[in-house]
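Engineer: Listed below, chain by chain, are the residues.
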Amino acid sequence: MDKSQNLKSNSFIELNARERARSILDTGSMRELLGPFDRVTSPWLKEQGIVTQADDGLVVAKGTINGQSAVVLGIEGSFQGGSMGEVSGAKMAGALELAAEDNRKGIPTLAVLLLETGGVRLQEANLGLAAIAEIHAAIADLRQYQPVIGVVAGTVGSFGGMSVAGALCSYMVVTREARYGLNGPQVIEQEAGIEEYDSRDKPFIWSLTGGEQRFATGLADRFVQDDVDSMNAVIRELAKAGVPASLRDQRIDEFLALLDSIDTNVQPNSAQVREIFGKGVKA
Amino acid sequence: MIATKEPSQAPVWDRRRSEKQRRIEKLGKLADGRVIPTNRIVEALETLIAPGDRVVLEGNNQKQADFLSRSLAKVSSAKLHDLHMIMPSVGRSEHLDLFERGIARKLDFSFSGPQSLRIGQLLEDGVLEIGAIHTYIELYSRLFVDLIPNVALVAAYKADRKGNLYTGPSTEDTPAITEAAAFKNGIVIAQVNELVEDESELPRVDIPGSWVDFVVVADKPFFIEPLFTRDPRLIKPVHVLMAMMAIRGIYERHQVQSLNHGLGFNTAAIELLLPTYGEKLGLKGKICKHWTLNPHPTLIPAIESGWVESVHCFGGELGMEEYIRARPDVFFTGSDGSLRSNRAFCQLAGQYAVDMFIGSTLQIDGDGHSSTVTRGRIAGFGGAPNMGHDPHGRRHATPAWLDLLQTDNPLERGKKLVVQMVETYQAGNKPTFVEKLDAIDVAKAAKMPLAPVMIYGDDVTHVLTEEGIAYLYKAQSLDERREMIAAVAGVTPIGMRHDPKKTAEMRTKGLIALPEDLGIQRAEATRSLLAAKSVADLVEWSDGLYNPPAKFRSW
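Residue numbers (numbering that gives the first Met the number 0), protein chains in the order written: chain A, 0 to 282; chain B, 0 to 554.
Where hints are given, some of them may not hold.
As the list claims (entries may be wrong) - So the derived label-pair ranges between C-beta atoms look like this:
| id | chain 1 | residue 1 | chain 2 | residue 2 | range |
| --- | --- | --- | --- | --- | --- |
| 1 | A | 25 | B | 226 | 45 to 55 Å |
| 2 | B | 503 | A | 45 | 32 to 42 Å |
| 3 | B | 192 | A | 243 | 48 to 58 Å |
To be verified - Some, not all, of what chain A presents toward chain B, calculated at C-beta under 8 Å:
| id | residue |
| --- | --- |
| 4 | 10 |
| 5 | 200 |
| 6 | 268 |
To be clear, the hints were calculated from the coordinates, so they are not data collected in a lab.
Even glycine gets a Cβ: it sits at the ideal position worked out from N, Cα and C.
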């Protein structure tokens, strides 16, 4: 076996939000809007003694994918756990709204959301929640015209209101190291007790919320390896595929019927969840 | 001749042997041959141990005889008290419950990582008396001199009915501890995960049955912790920078061929830079060939790239079993194929047979003395002082050892490299370089005869920080040595003593080296140089043979 291959691997997870955005857009096409030098930072964090980041942890990257206009919105997971505050949330919502505007003006523009986020930024409370609601509305608007592609690569994963955003996306892409769920493991453990949900039991957590499981249960559309070229290829393929025939949130009845059929007296394991969802959800 | 009042008695030369026999006979039918039933271990301990006994309890750095320690903590303190406990590592809460419950009184130990705070408190409360804090080899040595045990409580994976033990990858301290008791009429009791009928069912025999008096099947497998696994994901660019400086400014410069690495992200970064940065410098086959260290998963890429000729281990590391089994040319393995570790021998190897020790610490003072003891915490030494000094009993020469010669005097001897690799500040904004070690006040408060210094300044040959390397072995005077340390101590209290005007002069003289003096651009120090960036990458390098423990998985 040629071990030197191991040195050539090009991890997508290793990249920060800005590098990820650049790796997805056509080479040389990226320009950043409201970048770090514009210094639009959170007005709330510094009052709470927290060092701000010059882009508030959100990269708005305009450019092209397959030569077509695109905007990549990258959440920086290493800043405040990728949490969405007033400014970062407004940047994302605003960029999505402008993309929808462009579509209406006859400039087809798609969007890619790089989700590494625990959800709302608790320090900014309702302002963050309001921003997330605007993001949801903007996704629902934009996806009529062009695909909105969500990506959860790791290592933070995607939780909270931003996973609702993920569910609204035209397509979801995950890696093996991704976790994608509504409540984070520690929150569930706190609410349900460690007996039911041990947040430190990593194989257990991944067996239920990990990328492989989410793909197997039809809650994600593509499962890619942690590699820049593979990720790039999948995004390109989905961009070309255009608007999907059906969207997850238009199949609510189908999901509710599935949930109703589950026996909640037993805690299902990974395989059982796959079986339950395998019955009807896969598009 | 001196007249005696009473008629002279025949001298007795076998008190220990007869006492051992007496206790074993008293146990009677409780044991089935050598096998003590699991549910009667407390009773058995009450019979086989006597008040005031010296008891060695196997609590090692990695594996713990925890069924025996939990059982010992349950004995009646009316029956068993004033025990003198001898423990390589005090790592579990029941180790100290023994003292709180009045079962034990005196403690001789080596390392106490997680229990360091509680030892400090019990000492202050007068519940516990410390004989001494040792290095590992020092403690094993005393088992054969003035701390000869009456009872040894050890742990193994498997035993047969004759007491043959399989300790396998986690042999660690068991041979040293068992030997001291077995050959001086002490009683050896081994807890095992599994009992088999016959020797033929054991993978191999690590401890012969004639050394072991009793075995007991534990209620659950012995506790073992993957202490030496570092997730590459957590290695930061500053670790990469320091690792580049180490490879360039120390390993390459002195041609370090044999070495020990401790746990830590700095040395993990060095291991992961060998197949990339080291390869680029053309150093393969010239440095880092022979290792004494635990089987670090981060060493896998270097092994797979052909850097490593041999590794001898103190202990095992969870998840590395199958990988090691498949690489017997590199690791020490038994006839069954699995790893054989041995802490006593590996410590000796690290003391006498390697060119270099590189380690980290919590505090260094202006003279280069270092300690991991901080206020209220009595952490002990472990093995660092054994390896982190220049052994004067060494007589063989290697290129690195000779490279530290400073004069033409035919009677000058070479020197082992002892490298302290530290960031100038620790987490929580605490300076590493301090005016006065906390160890001095801790010693005073605990009435210890010596301040617990991990590595004495005169043993340190190099200090490496993110600022630069101080080549302390070149110092002509204590003042010069202090200036060299201050020059790389950043903005810590010691670093602030440095006169920047002197920097250029010291760089020219080769007393200190900054990254640029070593041809390293700080901006080059990125994670992209790491041969593996995640635990998943390590698994891939190992062809799937490395099986990381659950807590290191992120998939």
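Engineer: Would you mind marking each hint as holding or not holding in the structure?
Structural biologist: Here's how the hints hold up against the structure:
| no. | hint | result |
| --- | --- | --- |
| 1 | 25/A x 226/B: 45 to 55 Å | holds (47 Å) |
| 2 | 503/B x 45/A: 32 to 42 Å | holds (40 Å) |
| 3 | 192/B x 243/A: 48 to 58 Å | holds (54 Å) |
| 4 | 10 | holds (6 Å) |
| 5 | 200 | holds (7 Å) |
| 6 | 268 | violated (16 Å) |
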